[in-house]
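*Asks:* Top line first, the protein sequences correspond to chains A and B.
For the first sequence, our numbering assigns the number 1 to the initial residue and increments by one for each residue that follows.
For the second sequence, our numbering assigns the number 1 to the initial residue and increments by one for each residue that follows.
Only some residues are given here: those of chain A computed to face chain B with a beta carbon under 8 Å: (1) Ala286; (2) Gly352; (3) Pro513.
Calculated cross-link-like contacts (lysine to aspartate or glutamate; reagent style EDC-like; alpha-carbon spacing at most 20 Å): (4) A:Lys549 to B:Asp31; (5) A:Lys543 to B:Asp31; (6) B:Lys32 to A:Asp527; (7) A:Lys543 to A:Asp527.
Calculated directly from the structure, the hints in this document are not laboratory data.
Note that this is a predicted model, so its numbers are computed, not measured.
We treat Cβ as the ideally placed atom computed from N, Cα and C, and that holds for glycine.
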Amino acid sequence: MDRELISLKLTTLRHTAPGMRPAGWVIGSLLAAATWAATFVAGSDDARHSILTLGLLFWGLGAAIGPVLMSGAGTLRPSWFALLPIPRRTLGRGLLVSVYVSIAAALVLVALLAVSLHAALLDPVTLVVAIPGALLTWVLVIALSRLVYGLLGAAMGSRIGIEIASIQFGLMFAGMFAGWIPVTIAIQRTPDLLATGITDPVVTSGLDMSPTSWSVLAVERAVRGDWGGALLLLGALALCAGAAIVAAVPLLVPSTSPRTRRRSGRRRSAGLVAGAGFLPRTQTGAVISKELRQWSRDGWRMVEVQSAVWGGVFIGALALTSEDLRVIAAFSGLFVAFMLGIAACTMYGQDGSAVWLDVVGQDETSVRSDVRGRQWGAVLVFLPKVLVVTALFVVLSQAWWAIPILLAALPALFGAASGAAVLVAAVGVSPGVDPRQRVGPNDAVGNISLHVWVVILLISIAVAPTAVMVALLAVSPSVWLAALTAVVGLANGFGAAWLLGRVTIGYLTARLPDLFSRIRYGQVFRDPATAGALDWFESTTLKGEQELKARQQKERADRVARSSAR
Amino acid sequence: MTPEPSTLNSAPPGGAVPALELAGLRREFADKVAVDSIDLRVPPGSFFGLVGPNGAGKTTALSMAVGLLRPSAGRALVHGVDVWADPTEAKRLLGVLPDGLALPERLTGGELLTFWGRFRRLPAQTVADRTAELLRILELEEAEALGTLVGEYSTGMRKKIGLATALLHSPRLLVLDEPYEAVDPVSARVLTAILRRFTDAGGSVIISSHVMSLVEQLCDRVAIIARGQVLADGTLDEVRGGGSLEDRFVELVGTTDLAEEDLAWIGS
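Please take these sequences and the hints and turn them into a complete structure.
*Replies:* Put into structure tokens, the structure is as follows:
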């Protein structure tokens with residue numbers, strides 16, 4: 001049974017798009033190599049102890065929460081096996097064993113085995129403790145990862161899962177935009193850590209309490225001749241691993257209890273549905289209220305928003321860690337506002353084939369209402385979050401002088417981002433999996449690498465007037481100039497949103513059925529248009545989608561040919 | 001068997017402008033001709049059934065008729081208004097229920113109808129009244145009270161809420177792709193009563209289906225479509241020619257016979 005499940009898992013993985021997995025393997029290999037290298041070059045036994053306990057804790061945490069994002073963890077769904085005549089315990093064991101067979105799990109094991117280097121350097125005899133210790137730690141952290149994954153539901157299945165996925169994406173964004181800050185600090189401090197280890201006894205004893213450190217402690221006890229103590233630690237590790245397995249198995253077998261849904265928080269009566277609310281009872285008001293509900297209830301859209309928020313929070317936090325750069329923290333909210341452009345640049349693709357409503361409901365004003373409603377919807381969703389992040393980090397960084405700049409930059413960025421997003425979303429519509437079939441966190445959009453760059457370019461150009469005013473204000477600060485900058489920022493924001501929205505309305509009025517065709521049929525049934533910038537972007541993004549699809553089809557055909565040749 | 005196309009195409013009564021007219025409508029996908037220059041006329045006030053096997057081109061033809069898919073050639077006219085030349089006027093007259101497409105999945109049924117009514121620029125009170133009435137008649141009130149989202153609806157419930165969106169603005173022509181699919185018998189009766197009332201009031205309905213008995217029971221005019229071509233078109237009696245619609249359909253479209261040795265293992 002175990003072999004069949006492992007083989008089924010590997011076959012399923014072969015037939016799914018690799019997504020982020022190859023990048024994860026490369027990063028994982030580098031981190032595993034860094035763990036071994038740091039263990040090797042540590043300046044003393046104490047320093048090596050510190051590095052290992054800290055490193056193994058990070059590996060444990062990474063392994064525990066990583067699968068929420070990695071596609072491999074949920075490959076075999078318990079419900080597939082619900083109707084097979086297999087005892088539940090056998091199935092649970094098979095599914096758990098299959099979790100251990102993966103490249104990611106192998107990389108975790110390689111990293112955890114760094115403790116054997118510690119043993120070899122201290123006393124090679126203690127390898128008999130180090131290797132079982134590393135294996136037990138591995139069993140523990142992988143079972144733990146399945147437990148965490150099962151408890152949270154798949155990343156998109158629950159609110160807390162969405163938040164965890166968003167935190168991880170947010171960390172990734174913060175790493176891309178402000179990762180250089182901790183790297184600089186780490187490079188400055190690494191020689192100390194490598195040479196002397198962690199000198200704070202409270203931190204050291206805290207680290208020693210984590211089960212991931214127990215294999216290191218067991219080795220050190222064995223070196224001191226305390227073999228009984230070493231065995232005791234290994235036994236405790238085995239107990240923890242066993243407990244994690246016992247807790248994880250019930251989550252792996254198909255659930256037989258019915259899913260009950262409670263919607264106590266959702267407003268319902270027909271009166272509320274049809275009448276109330278602060279939005280105008282107009283065509284645009286209808287679109288705004290639909291968009292607000294989609295942004296606040298659709299897991300995929302929520303991840304977009306929350307990733308931006310967490311990205312801003314982490315950028316602010318990273319900036320605060322540096323004495324010289326802490327003023328940057330005050331501008332964290334700008335990152336969140338900018339991310340509106342990236343998050344919303346897929347909004348037509350997010351709707352999937354539901355765009356048919358826009359097509360059959362088309363009247364003289366519907367396209368305008370749809371575009372403006374979507375712009376307002378995105379701004380209203382992001383606005384409170386941007387204000388909270390901005391206020392928080394202005395206070396934490398005490399950079400009060402940043403307020404006039406923020407008063408100009410925030411509206412300018414909001415306007416430019418909402419305009420750029422709706423234009424790119426319409427002209428380069430990139431449908432992912434149609435809404436009802438979505439499962440993974442990346443299902444909602446297709447290939448958007450070009451879109452991101454176009455959004456960045458459009459925003460950069462669109463906020464130019466405000467950028468000039470901010471530069472002037474920085475050179476010669478004055479109250480009047482600050483007030484004028486804020487006015488320019490506000491006008492810039494409204495102007496950019498209006499203009500880019502206007503271009504979108506003009507584009508969609510003539511080509512609404514083509515937008516639907518791209519989503520539904522993956523092609524446009526219109527004679528090749530003239531060579532404008534919008535046409536170039538439309539045809540390039542469409543070609544990108546078609547090439548991606550063709551490549552996937554070819555890969556699938558090759559795989560089928562290979563397996564039939566075997 | 002490749003039968004000759006029937007030429008039963010009787011003119012609409014009184015020579016009135018057809019509720020829907022497809023003239024030489026054609027669509028290719030790469031090398032495949034999905035709809036092969038078809039001509040169809042749906043007289044006003046009629047209940048028209050479009051039948052055909054899976055992949056016959058029914059959905060493609062209807063998508064072109066309602067403005068969702070650009071035709072390679074030909075025209076689609078709703079009460080004389082060209083869907084592709086004057087889309088806004090044509091779409092005002094049309095109510096559409098497509099098959100297998102998404103809806104705003106994160107709205108409840110009531111929220112969807114409210115959005116749709118306002119998007120169609122109906123007065124707020126009219127939207128509220130019609131939403132409440134449609135939810136009640138289509139038995140979606142309980143789901144609404146529970147706050148069930150459209151994405152959590154069953155297939156039959158999706159059909160019902162889709163029909164409600166098609167009806168909400170009181171169109172003159174309803175184009176419904178597989179409206180009875182997965183709908184329970186009680187709801188199907190309600191659906192039929194609604195559609196009958198609609199045609200009695202002068203509206204026209206075109207439905208696609210591959211359930212012959214249903215089309216026979218409901219429709220006064222029928223077209224059989226296969227391989228992108230109209231094989232027969234006319235009143236129900238003209239098309240079935242004294243036999244059953246299913247016999248006529250099988251005669252025109254062909255059938256796959258199960259030989260004695262095929263699937264012999266079943267039940268062994």
